[in-house]
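Asker: Chains as they are written, first to last, in UniProt numbering: chain A, 1 to 372; chain B, 1 to 372; chain C, 1 to 372; chain D, 1 to 372.
Hints were generated in silico from the structure; no laboratory data involved. Source: prediction; values computed, not measured. Don't take every hint at face value.
Stretch by stretch, here's where chain B covers chain C in the computed footprint (C-beta under 8 Å, at least three residues) [unchecked claim]: (1) 11-23; (2) 117-131; (3) 170-183; (4) 233-242; (5) 299-311.
The beta-carbon is built from N, C-alpha and C at its ideal position, and this holds for glycine as well.
Protein chains: 4
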Amino acid sequence: MRDVVEIGSGKTAQRGYHLDDIAIVPSRRTRDVDDVSTAWQLDAYPFRIPCVAHPSDATMSPASAVALGQLGGLGVLNVEGLWTRYENPDKVLEELSTLDEDAPATKRLQEAYAEPIRPDLIAERVRQMREGGSTVAVRVSPQHTLALAPVILDAGVDILVIQGTIVSAEHVSTTDEPLNLKEFIADLDLPVVVGGCTDYKTALHLMRTGAAGVIVGVGADEWSTTDTVLGIRVPMATAIADAAAARRDYLDETGGRYVHLIADGDLQTSGDIAKALGCGADAVMIGEPLAMCDEAPASGAWWHSAASHPQLPRGAFGVAGQSLGSMEKLLYGPSDDPDGQLNLFGGLRRAMAKCGYRDLKEFQKVGLVIDK
Amino acid sequence: MRDVVEIGSGKTAQRGYHLDDIAIVPSRRTRDVDDVSTAWQLDAYPFRIPCVAHPSDATMSPASAVALGQLGGLGVLNVEGLWTRYENPDKVLEELSTLDEDAPATKRLQEAYAEPIRPDLIAERVRQMREGGSTVAVRVSPQHTLALAPVILDAGVDILVIQGTIVSAEHVSTTDEPLNLKEFIADLDLPVVVGGCTDYKTALHLMRTGAAGVIVGVGADEWSTTDTVLGIRVPMATAIADAAAARRDYLDETGGRYVHLIADGDLQTSGDIAKALGCGADAVMIGEPLAMCDEAPASGAWWHSAASHPQLPRGAFGVAGQSLGSMEKLLYGPSDDPDGQLNLFGGLRRAMAKCGYRDLKEFQKVGLVIDK
Amino acid sequence: MRDVVEIGSGKTAQRGYHLDDIAIVPSRRTRDVDDVSTAWQLDAYPFRIPCVAHPSDATMSPASAVALGQLGGLGVLNVEGLWTRYENPDKVLEELSTLDEDAPATKRLQEAYAEPIRPDLIAERVRQMREGGSTVAVRVSPQHTLALAPVILDAGVDILVIQGTIVSAEHVSTTDEPLNLKEFIADLDLPVVVGGCTDYKTALHLMRTGAAGVIVGVGADEWSTTDTVLGIRVPMATAIADAAAARRDYLDETGGRYVHLIADGDLQTSGDIAKALGCGADAVMIGEPLAMCDEAPASGAWWHSAASHPQLPRGAFGVAGQSLGSMEKLLYGPSDDPDGQLNLFGGLRRAMAKCGYRDLKEFQKVGLVIDK
Amino acid sequence: MRDVVEIGSGKTAQRGYHLDDIAIVPSRRTRDVDDVSTAWQLDAYPFRIPCVAHPSDATMSPASAVALGQLGGLGVLNVEGLWTRYENPDKVLEELSTLDEDAPATKRLQEAYAEPIRPDLIAERVRQMREGGSTVAVRVSPQHTLALAPVILDAGVDILVIQGTIVSAEHVSTTDEPLNLKEFIADLDLPVVVGGCTDYKTALHLMRTGAAGVIVGVGADEWSTTDTVLGIRVPMATAIADAAAARRDYLDETGGRYVHLIADGDLQTSGDIAKALGCGADAVMIGEPLAMCDEAPASGAWWHSAASHPQLPRGAFGVAGQSLGSMEKLLYGPSDDPDGQLNLFGGLRRAMAKCGYRDLKEFQKVGLVIDK
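Taking the hints into account, I'd like the entire structure generated from these sequences.
Answerer: In structure tokens:
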């Protein structure tokens, strides 16, 4: 039944499916939309919607992270972004928001991120977020986790997100002492989310590190170029379903430890969100859409973290455009746009109602069809 | 043989096919086009062509419903549309017909439909249609069926169409008393058509409610955004064939009760109609094409019912364009356009002749090929 | 191994492949291009290349039919086209060649073909072609074969082509006496080519009528709208391979009667021709490319016979453009265009050489790959 | 498991996959990018990167071949190109670099290559390359190998590349004495690379000629028209994997003779390179990208060798555009372009690191997914 084919003599490949290759099939009862819950909880932290911010500087400032928290989602600030490199990044953000399509945007991004990270600013940004009163989460790369963790933990975050394009449970290095995720997480007393990963095995190994959540996917959207640069393209429907299988097997292996899956990539509309959750995700990481609301730090400009890599940038620069409206309207509507870009979680709720499900965990069983 | 694949470990999905993925394969005798009949009958009501109007205000006014009836099809007026909200909706329709692509059309639609429904106007509209002398049918949503049914039935319709994006035989609600379709239909002495549905099981359950006809599909065409908003995309060829299997099983289960399938979605050309009937449909619901003939209420502008939803609109607004000609030319030709948009049922008749079939029921057995 | 899938419960469809879905795989020796022969013979008539003209007025006048014959192919004049409706069609052809994209071209075609067919002109056109000294072939539709055959046969053609969009061996009519192909052909002493057909069964039945050649396909190219109007779309690679299987079975059934397959549709470039022959065709019908050479009757304008149908036109009108060059350059080069539109049969010959085959019959065994 | 389907009764075709149909799936450890090696060795010649130049005059002059050698790749000059037809081809190259899209470029190419090849210039060009100090390699076509080999060998090259669109181990001719590759190679004491080929059997036969390397593919990129002209289209992922199977079988057959596979076609970005190597290639032939760096002979214009064929050109002319930067930046970065066109081998190295592999041979085992 598994769709494995031989692409040439003796070389096999699994067939993978993108979210756009699949659709939801309502096939049982229907339900009142008001009886549907989109509540999600990660460790001790409850959320009104299963929404985690993709930690790009285009989506998350300390202020917008707090705003997302107040609206029931989880804001995540990148501690390797502009906010920890500049005392006041407003000027840089404003300049980026005015770049047009002809500008050598990648070069400008590389310059902006060439400024060194200042540990004192990490502490300052965490403090700003704490003051907002929401759950505080920051993102750090695996490469810098050992160096930056002390200052992050001292500053007092609630959730730590260790995220790189591809993270494995076993990083090999002949020069540096690599991060041992399992030992690192065991020593912490706060929940850690790690990723991205793209397959069953890596997902399972990341679960065994003790992580509370695993990120599935590499955040790819239409601006991402991980595909052309690295040859890595993640069919998200398959990646999520495979990671969900790892979650089941890990539940069995541990007698009940449930690790949350956070899908990151290919998520632009409420329909995309519904499909990712229907494949087995517990929550979704939202990137570009959050860059397009009133609260966005760069007025609608959009770039991935990897888009500023000094030697090998991966991600085109999306020039700023008109705001879709407030973050609240983005998440909860009312929408006056028919394309599924507004009322993202109202749309999810309605999809669940049409399929007769009450909560997110049930909805993971929804029927799917492949039609592309 | 069924095309079910594992999209990831343990998560399966059926493969579905759109009408555009398939084509008809003539493979036996040919027949004179004059010997072919496109007659269709629903309950006691005979029709010259298997054509039901999609009940959008862009296609159906009382007058255009009557016109379609006179030409041998079934007009259906939406009792939750503009005609029951406005004493005289001409002004609104005229304004909508002049919106251009840059206008915030969705917002304007939402405003137009914010006007409350007036029961007295329902009675008035039914009366107008009765005067036209054709079979009278109206559409009501499942949510409003219990409230609006008395006035509709009092007004005296021939056929009742209960239609929502997705309708199930079992709607669950903790707040309202939900519509029990089975009991509701059993109490009526007129034929009821219900839908849309998208799979075998829901189709079978809807048949068991006592409906005379079941709508297959969600009316999706290129203007529909059910896909991006809800993640629901219906591969019509598969949906129709599955519902046809439910019809066969229900025939067996009841010892002979035949429920008609009305395909709604992806139907723009005579070729599309032929393919839908070849998959097993008994009739087709025609939307946008009917919005583009001389008799159309909004001069060629086109929108789905769901396009005016106050919180979650689903459907782009199609601006008005040049008429394709009279409704008669649209349905019966002669065509002077090579794209299959005119002479819709003359095209169907010729397709049947090329395949050697005499009537619609026989034609459901036509051979198909998948080639995309 | 046959690729048959269930598109819905109990409804199956074969998977079909277009020529563009496949490619040739060289996998044995290579051969000098000068050692390769493209010779083809139909009944007693030898041809230098396996090229039959698609009998549209846009490709074939008596003069261009003769020109093609002199260059080693088979010209075919449509006896239901402009040349038998007008004493001098030059004025009509010239007008059609000047229509631009905004013109209501279909209506103009319908008017041009509304003129009645004159039997005396049929005799006159055949006489003109005989004078050219090449093999004389004309096309007649199945509907008009009984009426027009006497004058055609009296005029003295070498090969008769009975061609409609879809032709079956058994046409049923309650009003007219239908054409019985088997009896009709048995009474003739000249080779008859019939078609088009699209599947194994019809191909086999047409072979049993005694035809010397069977046309596979409906002539569809990018201008054809048989798909949108009738729902009939022919995956040519599959249709040809299926008809080749019918040819094999008929050979066995008759102890050696070989019926030629002439592929008609989807053939624009030398690569397309090579693929059609590689699927099992004996020859190809060339339409639009012949409309684009210096000898073309309408200066590059292009339309299918069905494009002028009075009630149900099927085929868009291609406005005239710059000539690709002489018919000789089109067929034999030298080419100075890299797109495979010139030197059509020099390209075929080189493809055969790269695959190591000497003649067309051998080349039918060439390896294929599906890659779309 | 092999994906072979019946395209019609009795006619089968293997399903093939393009590089763009597949992607790499990281699924084990990750590794420091500095611990990854891209070293490659062909016979006695070591290379820093597995990069062979596609021998078009648009990429390779004696000077740019030397430059590529100094940067760690293998330059290959075409001895049937402009440099051996003209004492000083600069004027021709400059003219070609100024052709615009409307120019009849193919005709101009045909004229430029109509000049005869001068053996004395072959010797001169090899001498120029020798002076550069890098490994010297030239390309000759199979047709001219016997005639040109003496002067090439006298001039003293290190590696001989015998390359045509399709090369077989057994070329048949009734007029010329064909090249017997096996005998020819046996008589030489330098490594020979031969190709292109597209399937297992031809690859195996070419290995048996004693070649040190076999070219897989026909160099097709978006400018190539081998497909439309000859009907030959090579799904590179499948072709490489099949050739890798031939390499394994030939290793077994010979008790250890390892023949290198050089992929030629569909390679534009670092991601494409990673995928080709992941399918089993040992090195890649780079065409158009090398035409777009500062060192390119024709200032960014690009054409295949076959684009100048006098009777049957195969390949469109790519007009010159802005340089992407120096050859060093093209190969090693740093990149300031997100599209994977710069830092080609830095991108490869990073892809290997994300998948945890140390060297190219290991990386051939990387996991793949089919997702298109």
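Asker: Could you run down the list of hints and mark each one as holding or not?
Answerer: Now the hints, each set against the structure:
1. Only residues whose beta carbon comes within less than 8 Å of a beta carbon in chain B count, and the stretch 11-23 of chain C has 8; three or more means the coverage holds.
2. For a cut-off of 8 Å, the count of residues in the stretch 117-131 of chain C with a CB near a CB of chain B stands at 0, and the three-residue condition is violated.
3. Restraint check on the stretch 170-183 of chain C versus chain B: 8 residues with Cβ-Cβ distances below 8 Å, three needed, restraint holds.
4. Here's how the stretch 233-242 of chain C fares: 4 of its residues keep a CB closer than 8 Å to some CB of chain B, so the rule of at least three is met and the hint holds.
5. With 3 residues bearing a CB less than 8 Å from a CB of chain B, the stretch 299-311 of chain C meets the requirement of three and the coverage assertion stands.
Hint 2 from the earlier list is the only one contradicted by this structure; the remaining hints agree with it.
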